[in-house]
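**Student:** Between the sequences and the hints, there should be enough to build the whole structure, so can you do that?
Chains as they are written, first to last, in numbering that gives the first Met the number 0: chain A, 0 to 461; chain B, 0 to 475.
Hints are computed from structural coordinates only; laboratory data are not their basis. Careful: at least some of the hints might be erroneous.
[As the list claims (entries may be wrong)] Have a look at the derived ranges for each label pair, beta carbon to beta carbon: (1) R308(B) / R301(A): 28 to 34 Å; (2) R226(B) / R408(A): 55 to 61 Å; (3) S47(A) / N118(B): 50 to 56 Å; (4) E398(B) / S293(A): 42 to 48 Å; (5) R408(A) / E303(B): 54 to 60 Å; (6) S355(B) / S47(A): 35 to 41 Å; (7) I98(B) / D316(A): 40 to 46 Å.
[Claimed, not checked] Computed footprint of chain A on chain B, listed as stretches where at least three residues anywhere in the stretch have a Cβ under 8 Å from a Cβ of chain A: (8) 79-86; (9) 107-121; (10) 189-202; (11) 311-320; (12) 357-364; (13) 372-386.
In this text, a Cβ means the ideal position worked out from N, Cα and C, and glycines have one as well.
What follows is each chain in one-letter form.
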Amino acid sequence: MSATGTAVSPARELAAIAGEEHVREDAATLAALAVEEVAPAVAVAPGSAEEVAAVLRFASSRDLTVVPAGGFARQGIGGVPQRVDIVLETRRLAALEHYDPGDLTLGAGAGMTLAALEEKLAANQQFLPVQSARPEVETLGGLLATAASSPLRHGYGGLRDYCIGAHFVTGDGRLAKGGGRVVKNVAGYDLMKLLIGSFGTLGVIVSANFKVFPRPRQTATFACDFASAEEALAFRDRLLRSALSPICMELVSPRAEEYLREAPPPRNVDDLHPAASVKLAAGAWQVLVRAAGSDAVLARCRRELGSAVSQELVGEDESALWRQLLRFEEAVLARHHNAMMLNVSLPLSAVGEALAAAERALDNNFMPAAVGRFGAGSLEIAFLPLLVDPPSAMQYVAAVSAFRSALPRDASAVVARCPREAKLHFDVWGSSPTDRECMRAVKRAMDPANVLNRGRFMTEDL
Amino acid sequence: MRFPAVVKRLKKIVGADSVLEREEDLMLYEYDGGFSRGTPRAVVFPRTTEQVSQVMRLAGESGVPIVPRGAGTGLSGGSIARTGGIVLGFSRMNRILEIDLENQRAVVQPGVVNLDLSNAVARDGFYFAPDPSSQKACTIGGNVAENSGGPHTLAYGVTVNHVTGLEVVLPSGRVVEYGGKAAESCGYDLTGFFVGSEGTLGIATKITVKLTRLPEFIATLLAIFDRIDDAAQTVAAITAEGITPAALEMLDGWTLRVVEEATHAGYPLDSGAVLLIELEGLREAVEEQAEAVGEVCRRLRVRELRRARDEQERQRLWAGRKNAFGAVGRISPSYYVQDGVIPRTRIPDTLRHIESVAKKYSLTIGNIFHAGDGNLHPLILFDVRDPEQTRRTLDAGREILEYCVSVGGSITGEHGVGMEKNELMPMLFTDDDLEVMARLRNAFNPDSLLNPQKIFPTTRSCRETSGATLPGGVPL
Chain A
0 MSATGTAVSP ARELAAIAGE EHVREDAATL AALAVEEVAP AVAVAPGSAE EVAAVLRFAS
60 SRDLTVVPAG GFARQGIGGV PQRVDIVLET RRLAALEHYD PGDLTLGAGA GMTLAALEEK
120 LAANQQFLPV QSARPEVETL GGLLATAASS PLRHGYGGLR DYCIGAHFVT GDGRLAKGGG
180 RVVKNVAGYD LMKLLIGSFG TLGVIVSANF KVFPRPRQTA TFACDFASAE EALAFRDRLL
240 RSALSPICME LVSPRAEEYL REAPPPRNVD DLHPAASVKL AAGAWQVLVR AAGSDAVLAR
300 CRRELGSAVS QELVGEDESA LWRQLLRFEE AVLARHHNAM MLNVSLPLSA VGEALAAAER
360 ALDNNFMPAA VGRFGAGSLE IAFLPLLVDP PSAMQYVAAV SAFRSALPRD ASAVVARCPR
420 EAKLHFDVWG SSPTDRECMR AVKRAMDPAN VLNRGRFMTE DL
Chain B
0 MRFPAVVKRL KKIVGADSVL EREEDLMLYE YDGGFSRGTP RAVVFPRTTE QVSQVMRLAG
60 ESGVPIVPRG AGTGLSGGSI ARTGGIVLGF SRMNRILEID LENQRAVVQP GVVNLDLSNA
120 VARDGFYFAP DPSSQKACTI GGNVAENSGG PHTLAYGVTV NHVTGLEVVL PSGRVVEYGG
180 KAAESCGYDL TGFFVGSEGT LGIATKITVK LTRLPEFIAT LLAIFDRIDD AAQTVAAITA
240 EGITPAALEM LDGWTLRVVE EATHAGYPLD SGAVLLIELE GLREAVEEQA EAVGEVCRRL
300 RVRELRRARD EQERQRLWAG RKNAFGAVGR ISPSYYVQDG VIPRTRIPDT LRHIESVAKK
360 YSLTIGNIFH AGDGNLHPLI LFDVRDPEQT RRTLDAGREI LEYCVSVGGS ITGEHGVGME
420 KNELMPMLFT DDDLEVMARL RNAFNPDSLL NPQKIFPTTR SCRETSGATL PGGVPL
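**Tutor:** Now the structure itself:
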């Protein structure tokens, strides 16, 4: 602070905390870090948890809003902020903090990418059961903050089930932790549960500890075709009651199939033989069942799934198919930049009605395409705008509200992507069965000055 | 308000037959399964959420502490009225409200006994996975408060992994809902946050839990070792092999002899340690894992590997484990169970350390624990009537926990902090960690009338500092 009391520019204050070379204000950087076209005033990449704390203390004291950012892969989720003062990048917090392969536990900085983590674990044939379309971009902090879900969710549970500890900084700059390094621990409040899925509104995660898993030595994917959603659901229910425990059970709607056709880019740029795309049967409801185990276990699966199986995939074909599936949202957005993507969580019994409700979006000039973990109550539904008669902003609103009204009250349907103009007219988060006032109380306790992702989450007073 | 006036109003809310106030009745509620003590001034048995809400409101208005209690089987004093006040007993809110097999969920009141729920759905091929040793008595409300574990949580996860929705009465009397039947929902995961909060954030009056499909096939193995070190190495090797047994329990030589005398489970009296290993799932997978486990055991010099041939034999092997604490109770006036957790790679050296602590304090310490997830239960034998011995016991317990923390572990894996270990929290958490937790507690339980003096150390004040830094703390 200057002696006269006039405020020093945020960039200079941040440079004093993190070093000049880690503070960026150039137009190109700021444009690349814009949230829904709202560019930040400055970006800072702190090099330690203490520096993160100092940045947030400074921001809270000056009422500067902060957007925590990892790989910037999921910043499209949430409301349109009025302003963004600081983008706080976690990319320098990327160190491996500990790894005990014999204990199947690992801790790493929030800025570590999923690909980097996978590389460390691969040496011991272990893995974290989270998948991403862009593992070299997405960071651990970002995956936790957005409660990322992927096909392995079916068999391994979600991040909330295997994140065993986290260090974070509250909105007002206190460095704190929850949990620890061991797989079983009930000391103190389970703060990881609050942070996972809080979209960076309660604290900036600086590092996290995980329970990791042995990588299955062998898997196979059985693609099963059905003429209708009802038949696919009946198959799901039969499978859930059977003794089989597949690691993935994914639904692909007939219209979603065409977005899975594209061959994914090779994981390795030097790969001279990129995978050809794997084709699923067109026009059918598909259930992709992925099983892990020995030859005997896979034979048992094959036997029990019986005539439902139209294709069995192993090896590179199998991996390619799952990569294509992970890229569903990307493939949709590449072809329809104005598509709307919904992340739906619901009880198993409501999946059928949700799929039927999505079909009714045709009334508002959308065609639905769905994929998802329908055995765990989680769907990704793309609302594809009709090319001949694209929907108006108000039709986005109408389609979402009609869809949500068909869901039971403990379901939620978050609009993860939609055009900015439409976003301004409705709540992208929708309803939650969880008490709003309690959520706000948690927000006030963790971020008293409301600097973290202000204007973007469901705790904002509406 | 004077307390007799509070009692009068309590009787009005729940009926005179649902309030205990005589000294001889209250004495029954001054302890749990551990050795903390505290006498309430009244015990109340609500029947409905509305009654819980009214009692909470009354407690708030009259400044009387209130402590929820399930079956009182806890081991860390979580359900003990440490500062007097009202104990809210849930034995009359014990109905299973709904069994929804299509969604693999059940909705229960907090007083439902853990095993009763599993029994109610067994016919349909399901069960409730968390299985604390006290599962014949403990309640699901208590499991939620403590985030209870059990032998089979190694493969299936602890209570928090099996709860998707809650109805909660806040200290203000307001009734709120968190989550529902869906596995996840948008917004903060207050369900997950609430589970394990040891009755300090509200009282759960309705709990939505996952039902798990019963396994098709179970193999139960008893691996007998001459040396405890080999047994400990076997645990780490099984984990490293990538085998996840449903349960992996260890009893050391001293403990297994005591258990054998009492239950005749078939444990050989001259062995150094036994591992009880259970594998569950698809028949083909279980057979392969049993083979792999056998190989690991042989590599680490197992003396004998037995496999239960039928359900009766399986139950007999488990009876030894599940009744172990009772067996120890036969030979010692008191015992103190610790609940430390360590990385699974540190089991051998930690057991050696425990042995040295036993020598140092001239105490007998048995070990029986959930080896598969590194959750130790050293049993320290002592006579509670002897204050000097009691002090040595507590010191030994503390030293064991210090070691657990020093190797990257925790002070409690499943019993909770309660009033037993709240002063030890600074071993794991900094002032700032505790301050953030206290802010959250204060957001829900601002006057700390709900289960006071639990979890947080009383030696430093987390309340005052947070009050000053938390603006806009609107009571819920």
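**Student:** Taking the hints in turn, state whether each one holds.
**Tutor:** Okay, the hints, checked on the actual structure:
1. R308(B) / R301(A): 28 to 34 Å: 30 Å, holds
2. R226(B) / R408(A): 55 to 61 Å: Cβ of R226(B) to Cβ of R408(A): about 58 Å, so the range 55 to 61 Å holds.
3. S47(A) / N118(B): 50 to 56 Å: 53 Å, holds
4. E398(B) / S293(A): 42 to 48 Å: 45 Å, holds
5. R408(A) / E303(B): 54 to 60 Å: 57 Å, holds
6. S355(B) / S47(A): 35 to 41 Å: The hinted range 35 to 41 Å holds for S355(B) and S47(A), with Cβ atoms some 38 Å apart.
7. I98(B) / D316(A): 40 to 46 Å: With a Cβ separation near 42 Å, I98(B) and D316(A) satisfy 40 to 46 Å, so the hint holds.
8. 79-86: violated (count 0)
9. 107-121: violated (count 0)
10. 189-202: Three-residue rule met by the segment 189-202 of chain B, so holds; n is 7.
11. 311-320: violated (count 0)
12. 357-364: Since three or more residues must qualify, the claim that chain A covers the segment 357-364 of chain B is violated, with 0 doing so at under 8 Å.
13. 372-386: As far as the segment 372-386 of chain B goes, the hint holds, because 3 residues have Cβ atoms under 8 Å from chain A.
Hints 8, 9, 11 and 12, counting from the list given before, are not met by this structure.
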